[in-house]
Each structure stands twice: as C-alpha cells, then as structure tokens.
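Chains A and B, in that order, give the protein sequences.
For the first sequence, my numbering gives the first residue as -10, with consecutive numbering after it.
For the second sequence, my numbering gives the first residue as -10, with consecutive numbering after it.
Treat the hints with caution; some may be incorrect.
[Unchecked claim] With beta-carbon atoms standing in for the labels, derived distance ranges:
1. A:T122 with B:E275: 26 to 34 Å
2. A:S41 with B:L100: 33 to 41 Å
3. B:W164 with A:R264: 46 to 54 Å
Keep in mind that the hints were calculated from the coordinates and are not lab data.
On a predicted model such as this, the values are computed, not experimentally measured, just so you know.
In this text, a Cβ means the ideal position worked out from N, Cα and C, and glycines have one as well.
Each chain, written out:
There are 2 protein chains.
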Amino acid sequence: MFTLTFLGTSSGVPTRYRNVTSLAVQTTLGRDWWMVDCGEATQHRLQRIPLSVHDLAGICITHVHGDHSYGLPGLLASASMTGRKRPLTIIAPAAIRAWLDATLLHTELFLTYPLIHVDVDSAQRVHQEAGLTITRHRLSHRAASVGFRFALETHKSKLDKAALLAHGVPSGPVWGQLQAGHDVLLEDGRQLRSADFRITRTEQAAIVVGGDNDTPALLEQACEGAQLLVHEATYTEAMLIKAGPGPTHSSVQRVAQFAASRALPNLILTHFSARYHHREGMAELEAEARLHYAGTLFLANDFDSYMLDAAGVLRKVEARKPD
Amino acid sequence: MFTLTFLGTSSGVPTRYRNVTSLAVQTTLGRDWWMVDCGEATQHRLQRIPLSVHDLAGICITHVHGDHSYGLPGLLASASMTGRKRPLTIIAPAAIRAWLDATLLHTELFLTYPLIHVDVDSAQRVHQEAGLTITRHRLSHRAASVGFRFALETHKSKLDKAALLAHGVPSGPVWGQLQAGHDVLLEDGRQLRSADFRITRTEQAAIVVGGDNDTPALLEQACEGAQLLVHEATYTEAMLIKAGPGPTHSSVQRVAQFAASRALPNLILTHFSARYHHREGMAELEAEARLHYAGTLFLANDFDSYMLDAAGVLRKVEARKPD
C-alpha cells in the first residue's frame, strides 16, 4: 500500500551520516509520490534513489524551520531546469508560500510549471483524489507544526472465472470484454453483465507522519485506524529533561508510550539529535523505545525504505544505497 | 599565499559527481577564510574538509541565482546552532540581503551572531583589512553578476643574524628581544635598534574569481598584476553557439583566449555543464582550453585544493577526500 523512503533523519543540522528531514511516500495508486518535508540537499538525496522529481505530486511541509524546508528552492529550481511542466502542489504553512514567493522574486527564479499552494490552516483535509486523502493534524512545537495522515483506499477487480465457467462461458474474447467493464450479448441470446462477473477487492491503509512535536497524544485522532506512525524522537527522556522546555521536541519514551497506548502496530522513529549519530547512540535510543513499545519498531536511517502491506505488516525493503 | 578549495564545480544543477558552485579561499594571513558563492549543500561539503564555519570571515556572492546562493540559509542556521557568536560579513547584491531577511522572517530563524551586509553595488572595494583587499568587478550575465579580486600582502620579518654576529652580539636573550621588536641597551653601553637587525620580506599575490559571465574581457582590470584567474567555462565554444544567447555563459575557448591575451600565468576552469560530468566530457573541455592557453591550467573537481605560492606558482595539493 505504502512505501516510505527516508531521505534525511537528523534533527536541526546535517551530519556526515544523516541529512536533515525529508521523507518520500509512494502508494500503490501509481507512479505519483509525495514528499513530507524538504530539508537542504533533499534533491541531492533523490539522485541516489529511483524516484524522479517529475513524478512528485506534491510536497507537505510540517513547519517553517529550515531543517524541514531549506531544500525547497533548489528542488523547485532543478525540476524547472530539467523541464518539469506539471503543476506541483505545496501543502504548507502560509509563511512557506511567502518565503517561496520572496525566493522566486529575489533570486530571479522563473519556474516552468505552476506551484499550487494549499495552506495547512485552510482546512483539515488538505488533499483528496480518487483513493488518497491527506489530512493535517495540529501539533505542539515552538513553531506552528502539523502532522499528516495519508489514507489510501484501492480497488482491484478481477474476473470471477469460476462463475463464468459455471455459466458455460469458456475462456475467450468475451472474458476480455467483461474484464474491461463491457456487458456482452452472447450468440445464444443471453445478456452477461460485467458487474456480475467481476470480484472487486478493496484495500485500505493509513499512515501518520508527524512534524516536530512535544506532545504525541495530539495525534490520537489522526492515528485512529492507522497502521503506522512515523514520529520524531529527538533524544532520550533523560536528555529531553536536561534540554528543558526550549526545544519542544519528543523523547523516544514519550512517542513509544503513546504508540503503545493507541495499540499502533507499527512505529518508525526519526529526527535524531546529532549526539546519537553513532552505533552506541542509536542503541541507547532503541533500548528506550523497546522498554515501552512491543509492536513492530524501526529507527530510520537515511535511505531506508519500508513497505506497509494491505495486511498492515511493515517491513524494511532493499533500496538503492548511496555509493 | 592562497589556498583555494572547490566545494562545487557544476553549473545550474548538482549531479552525483559535482555540486553547485562554492569556493573556499584561505590566505597565509591566518585561520580566517572566505567563501565565494554558496550553492545548496555547501555546508554538507564543509563537513568533509578541515575548514570550520567558525573561522569563516565572510561570504562573497557573485549573483542571485540559486545555484550560487541557495546554501546560504542552511549554512547560516547551522553556524548559529553550533554556537557562532562572531559577526559574519556577506558581500552580495542587495537582493540577496532582501532574500535573507525574508528567510529569517518566514522560517523563524534567529541567528546567534550579526550579519554584516556589504552591497556589491556600494563601492568597488568591498573589503579591506591589514594585508587583504577585496574588490568587485562587474560582469555580463542575464542576472547582474560580479567577480572578486583578492589582493594579499604579507610581511615576514626575521633577525639578521649575520649582522648581529658581525656586531659581536652572540645568540642569546638579546636576539629574542630584538626579534620581538624591542630596542636593547647592551652592558657595554651600546644601543641596538630592533629595526636595524630585522629583515622584512613583503610578499604579494592576487587572484580573481569570476561569477557567471559571458565576457571574460570584463575582467581585464581585475586581472592586472594577478597570478590566477578562476572562471566559469560552462561548455565548449560549439555548444555555446548551439545554446544561443539565452544562458549568457562563457565557453572554455573564450576564457582560455582571454587568459592567454593577458599573459595570466595560472588558470582554473570551473562551473561545468552536467553534460560534461564524465571522463570524455572533461577531456573535451581540457583539449579546447589547451588549444588556446599555454600557462598552468586546471579544470577543477569538487574537493580539489590548489595552492598559489609567493613566486606565483600554482599547484594542486592534497585535500581530505570524501569517503
């Protein structure tokens, strides 16, 4: 249903091992994909994975801070220089639109395609198309921040071959017409309705991707019926207390406890402080998470890809690695 | 005298092999260094070389285009998050200052240090300190563009040991006092003046770093007495003609012919179109350059470092390589 590829998993500043935040979200609806946040050098990350900026349907920005947005100008410019014509949707705070307008003006950037801005404050449902609904959910951070819920519904139909054979209709051109949705008048005078001989399977899944946030419980409504939460976990609970009230981030413990309380089956943590960007640091964060959460858990690395299937099972998949 | 490290050598868009434009300029004056242009992900490049953003004295921006400026917000933010207090000089078009002001406002970026903006249009001499003068020189590009000349003058003084020995003053504490600039009264009543026993050697060098520019001859005045020109050479002359008048870039041929006409001893070409980012492409550019220029020539790669000594000799030096 969903494939998520992490383009950056560091909080605040990039390090040699992790870039600042960006996430690519693909769905089984087609080639179109979405991006959540776009830190500096996200376009450089895209060069190392098999996703094209020309198939990018839209970019969701959780909040205005630079480690979630400074990759926008370069990505927009490069899409233009490589010939994009298709409109690009930007679901973001109004200030991001104002900043992009200033960027276009002052740096003489002339895009070859329209930008469609959807203000995250305009409505809760920020995008809807056949099969995909994106809603935004307010969070608590020192800058106004939101999370996004992607709800997917797909319909697959196949021929009910057993029923056709039971009706004495053998495999042949008639099957193709029925599969294509056409009703068929047989030579023996019988009328076959396509709808009677197709089995439609509906699959649903929902994921929630948080922005910077010190209160995971604000995602309670968003997580209703969701199979996966992706949330920042900037540091341990001990470090959060030491850092004080200024940063307004979440600890691993708080996110893990929230996910456990909602019985969420899958949890991916990201947005780690640079102090943990080594094996021991990540092990410390993981240990804290496992203390409080017994579901399927991953701590994302840059370039990690995860697939969530229709049964709600999340697994890490092979993605092209940087060389 | 100067050490130049190329942080990005691609025109327009980054590729997997070359980032967009930025150049680090170090001098023998001390640890302070300067940056010319700051394309997106320049701060990521800095993580791979032994230069600290805390020793960065100033950033010169040749023109407003994003491939020369979109790294500024992230670099400024990261310097702030890692505790910079020292003011940072930005020598740039007024539009860059306006864009940075918009960035600070809309993305809620609060710097821990002052930005000092020097408008490239305010005067030709944009910076002067003991030993270093930076001037800007107008170029021709579809956006207003300038080049920068860095003129360096250093003074080294050492004891004239032969003269001291000839005056019957043996090695000892008196030498140290004279070297430190103090006059000395000897026990025998003689007064020794420090200035009489120190030899001062003055060394000078000047380099010119162009911005995007379709008319190298505009740098004639800037190159007067300079030992090195760094200039964009986006493509071959044939490709320049094919591209037509829109891009307003230079061909390798035009830059090489200009450098030859001014008898410049050293030339470094950079800012190569993505179409040349492979061995054969670079060989094609180099062949065209050597047809027209017989001096010391380099086509820069990302992370290349070059040292210009007081004798005007330019050589490639070992820099830390990305892993």
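Kindly indicate which numbered hints from before are broken by the structure, ordering the numbers from low to high.
Of the numbered hints, just 1 does not hold.
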